[in-house]
Amino acid sequence: MKLHIMRRLGGNLHKAMALPALLLFAVFFLIPLAQGIGISLTDSNGVAKPNFVGLQNFADFFRDDRAKRDIANTVLFAAASAPLLNLFGLAYALLLDRPFPGRNAVRAIVYLPAVISPLIMGYIWYFLLQPGRGFLHQVGERYGIGALQTDWLGSASTTLWVIVLVNVWQYVGMTMIVYLAGLQSIPGEVLEAARIDGAGYWTTLRSITIPLLAPSININVVTNIIGSLSVFDIIVALTDGGPGYSTESLSLYIMRMLYGSFTGYSTAVAILLFLIILVPVSVYLMLMRRRQIEA
Amino acid sequence: MRTPIASVSKGIAVMVVSLVSLLPFYSLFYLSVRSPSARSFEGQLLVPDFRFANFVEAWNVSRIGQAIGNSLVITAGAVLVLILFASAAGFAIARNRDWFHRLAFRLFLVCMMIPAIIITVPLYTLMKSINGINTHWAMILLLAAHALPFSVFLYTNFIRAIPREMEEAAVIDGCTPFAAFWRVTFHLLKPVTASVIILNGLSIWNNYAQSVFFLQDQSMRTVPLAVSMFFQKYGAQWNLMAAAAVIGLAPAVAAFLLFQRYFMKGIAAGAVKG
Amino acid sequence: MARGKKWFALALSAVVIATLAACGGGNNASSGGGQGTQPGTGASGTSGKKEEVKLKFLTGKVETVDWMNDLIKKFEAANPGIKVEQEYQKDASNVIKVKFASGDVPDITTVVTQDFIDQGKYVDLTNDPVWSRIEPSIKELSTDIKTGKTYKIATNMTMAGIFYNKKLFNELGLKEATTWDEFHANLMAIKEKKPGVVPMFLAGKDSWTLGHLIEFMAHGVIKQQLGIKDARAAFINNDTAKLAFDAPGGSMETFAKRMLQLEDDGLVNKDLLTATYDNQKQEFAAGRVGVISQGMWVLADLLKLDPAVKDWIGFSPFPPIVDGTKPVVLSAEDSAYAITADSKHPEEAKKFLQFLFQADNQKAYSEFLKTPSAFKDVSADWGVLKEDASKALGKAVPIAFTDTPSGFSGDDAGRMVQELFAGKYKAPADFAKAYAETWTKGWSAANKK
Chain A
1 MKLHIMRRLG GNLHKAMALP ALLLFAVFFL IPLAQGIGIS LTDSNGVAKP NFVGLQNFAD
61 FFRDDRAKRD IANTVLFAAA SAPLLNLFGL AYALLLDRPF PGRNAVRAIV YLPAVISPLI
121 MGYIWYFLLQ PGRGFLHQVG ERYGIGALQT DWLGSASTTL WVIVLVNVWQ YVGMTMIVYL
181 AGLQSIPGEV LEAARIDGAG YWTTLRSITI PLLAPSININ VVTNIIGSLS VFDIIVALTD
241 GGPGYSTESL SLYIMRMLYG SFTGYSTAVA ILLFLIILVP VSVYLMLMRR RQIEA
Chain B
1 MRTPIASVSK GIAVMVVSLV SLLPFYSLFY LSVRSPSARS FEGQLLVPDF RFANFVEAWN
61 VSRIGQAIGN SLVITAGAVL VLILFASAAG FAIARNRDWF HRLAFRLFLV CMMIPAIIIT
121 VPLYTLMKSI NGINTHWAMI LLLAAHALPF SVFLYTNFIR AIPREMEEAA VIDGCTPFAA
181 FWRVTFHLLK PVTASVIILN GLSIWNNYAQ SVFFLQDQSM RTVPLAVSMF FQKYGAQWNL
241 MAAAAVIGLA PAVAAFLLFQ RYFMKGIAAG AVKG
Chain C
1 MARGKKWFAL ALSAVVIATL AACGGGNNAS SGGGQGTQPG TGASGTSGKK EEVKLKFLTG
61 KVETVDWMND LIKKFEAANP GIKVEQEYQK DASNVIKVKF ASGDVPDITT VVTQDFIDQG
121 KYVDLTNDPV WSRIEPSIKE LSTDIKTGKT YKIATNMTMA GIFYNKKLFN ELGLKEATTW
181 DEFHANLMAI KEKKPGVVPM FLAGKDSWTL GHLIEFMAHG VIKQQLGIKD ARAAFINNDT
241 AKLAFDAPGG SMETFAKRML QLEDDGLVNK DLLTATYDNQ KQEFAAGRVG VISQGMWVLA
301 DLLKLDPAVK DWIGFSPFPP IVDGTKPVVL SAEDSAYAIT ADSKHPEEAK KFLQFLFQAD
361 NQKAYSEFLK TPSAFKDVSA DWGVLKEDAS KALGKAVPIA FTDTPSGFSG DDAGRMVQEL
421 FAGKYKAPAD FAKAYAETWT KGWSAANKK
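Protein chains in written order, with the working numbering: chain A, 1 to 295; chain B, 1 to 274; chain C, 1 to 449.
These are computed hints drawn from the structure, not numbers from a lab.
There's no promise every hint is true.
As the list claims (entries may be wrong) - Restraint ranges, calculated between C-beta atoms of paired labels, are given here:
1) I5(B) - A199(A): 32 to 38 Å
2) Y201(A) - S18(B): 45 to 51 Å
3) S282(A) - I5(B): 42 to 48 Å
4) N238(C) - A91(A): 31 to 37 Å
Claimed, not checked - Among the chain A residues that face chain B by a calculated CB cut under 10 Å, a handful are:
5) P20
6) G188
7) V190
Claimed, not checked - Partial list, derived from the structure: chain B residues whose beta carbon lies under 8 Å from chain C:
8) L107
9) T120
10) Y124
11) K128
12) S203
Each residue gets a CB set at the ideal place from its N, CA and C atoms; glycine is no exception.
Take the sequences, apply the hints, and build the full model.
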């Protein structure tokens, strides 16, 4: 029966429907990508004739202290951002799930920060956080709240956390939306049955809701991992990678190397970044697939 | 969750959440209506001066009206191309189990994770050779191409959850499978199409990394470029900068508020099906 | 059936129309008329229909964009058939690399770097007639060390040094410093007697300002020892023997020592790592700062913030950081223009530059930018500090900008200074060593073979 249907649904036009997308993608992405990979194997500096150096660029990367620091920064940032985004996203979704007056407005408000371009976002937070002149500092001064007067972006220890929080603030709305959708797709009967059985709020949450949210969790985790490992705009806007290089992310490093005439090298590092992203995502997806099969 | 304490604490939680989300917007608005002065937050701390002339000044100087026009053309064009191509591809991948389509799907998935900076220089050469620099159409194609992986991903997942019987019924009525898709299935895709429009539309509107290279002529600048250039010229005047930032935000926020009902409904209708 | 087909047909025709419109030679019906295929863009000669020449002008100077646009309008009115398209890029020196790499070359540009000179990317302007009207010292500064040819024409001079609050100095009885100890003492006096005033305000977040500290104060030691021409040669060729960045007690180590001293003695703003150039201007204009290290380019903005600044602003050379050396002051070329060798319209490009170089235009430019003109036949009333500036030239050794390697720019150096202030280097000697290594690495990237 299935074969019969497939033969009927198949046919040239049907199969060709993926071609426009693939063609467009090939021209504007895949082909340049292949060329980019080629460049990464050379010592190109964008001007002189490049020489083939094989994997030298990759080796150089691991010998550079600043580069290793950047990996640490980037991974730390992602390790902090991704769980927080998911935690708050889920919490907000649970909070804003059931109807109440103004619920849609609040949902929109929470999502709104994601609408802003990161460029402007950086300026907004800079207005707020600057010591001495920033909004928070002025409030702290006026009302005598010492804690608000710290130099948030000035010390290496607090800065990264500030960036994490700003990042979470901006994108929690997107995570929330996906969870909201997942929550909506949980059949009401299941929750009713649990309530009748006498299960409390937290028990229901743990044993029923969260397992049934698995698809949403997957999408969010993957998207957040990819997004936070490639973090760029928010760091440029808030600290420009500083003070010094203490908050520089890999993406920023790559951009700077590209501009510093280390064209071949920077492309190689970009490929490394891709691998760094690939690993956790693949591992996660594999684990989830195994779970699904077992379940 | 029905006890009074629970309701009150929920209410408080909601207010806190809203305030936290709104605070930065408020400070931006506050700055944008202040009169120019040496220090950024002198005088009244919580109530601004409401000097709306800032907006007029910022609008004229940054030529943001033109930028909004450019952004609209590019975003609308790219989103249109994206919807047509990605839904078609999603359909093909969801309905065909052969190695070609499985590979295509994996390809899109993997490419979602590739940092765009790898292709900057080759891309520039490409754009130059097709005379695409400073044009709307090339930018539209480029940004649509970059948005394809995620959109195809969304469409594929969604279509997989739609039973094949939908198209079958149309085919039995005498349609070709191709027409069946556009006639029947596509309309069922409204929720995920809404998601694609909003998610990609926003990121295309806010695109900076590619626009800064390929839209060099001042008359072609999009909103992020115009705002960025404005920031550099008038860095010292925070009130003007804030006004320009607000103007730059306004279209995106307005569109979002307008469409968010469809978007939320669309998401809720099950855009997430694994 | 009909409904579905109609819908699809509509979509299809929309796409077709869009494609057709787009294929109309890249011209768009939309706002702005961006042209991608006009002649004069350096593309292969498929043009030919129009006689109009389009020149592309790439600039990195944000403050002159509007003024240039006005000038361009005047030029186009006087020269029908030539259109000039100005493109401003914040990172012009980086963007131009990508442009050169892909063949999309501007005809005229303000971005002239050693790498591209070596690649022969610019037209030789050594014998251009305009030089007879320009101060010879400026021509010297605009000349390429390696070839002895001149590839850019500079129309203005700029200076950099220590700007200070004269009112404050008079009040406290302080004089311009000629040694480091005097400089240090001045700042200490301000700190002790005026608690609400920052002795020296550093705009650490904008790393280029810190990069300038190195370029002027640290490199100044080397530059005054070698003289302008030899110093330029040493930097461009990475003559490590002469540069001696990591020499014990050398310029870099001393620089690090002095900076740390300023920080430890509380003579700089506590938030220096997050303070911006805008903050620096604002605080100085408000009278809350003793001294800042800046260039003449800051004047226009300061006067905008508070016109009264002109009554009490003073300018003096940089104090020497190494005892026994002299104070230095930056006196270098500014506003330089080059024509690219790959330009398809060098004659028209020259025409535009000639128009720009007309005495009346240069006078207006100089007064607009508030920097002195390099032209002998232009006497512009460029600003407030004319007197202080010429005095400074008499008191100190003039030095030029540093030709930094593309792999280690002024911004990168500034970031190293950020790290210095943040406490990354245990000893000044470590900083010197790191600086020397990074400089050489950056230099080697662009100078292969």
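Hints versus structure:
1. I5(B) - A199(A): 32 to 38 Å: Roughly 20 Å apart at Cβ, these two residues miss the hinted range, so it is violated.
2. Y201(A) - S18(B): 45 to 51 Å: Given range 45 to 51 Å: violated, Cβ gap about 23 Å.
3. S282(A) - I5(B): 42 to 48 Å: 45 Å, holds
4. N238(C) - A91(A): 31 to 37 Å: Violated, at about 57 Å.
5. P20: 5 Å, holds
6. G188: Check failed: Cβ of G188(A) comes no nearer than 13 Å to chain B, outside 10 Å.
7. V190: 16 Å, violated
8. L107: This hint is violated: L107(B) lies away from chain C, its Cβ roughly 24 Å from the closest one there, beyond 8 Å.
9. T120: Nearest chain C Cβ about 7 Å off; hint holds.
10. Y124: 4 Å, holds
11. K128: 5 Å, holds
12. S203: 21 Å, violated
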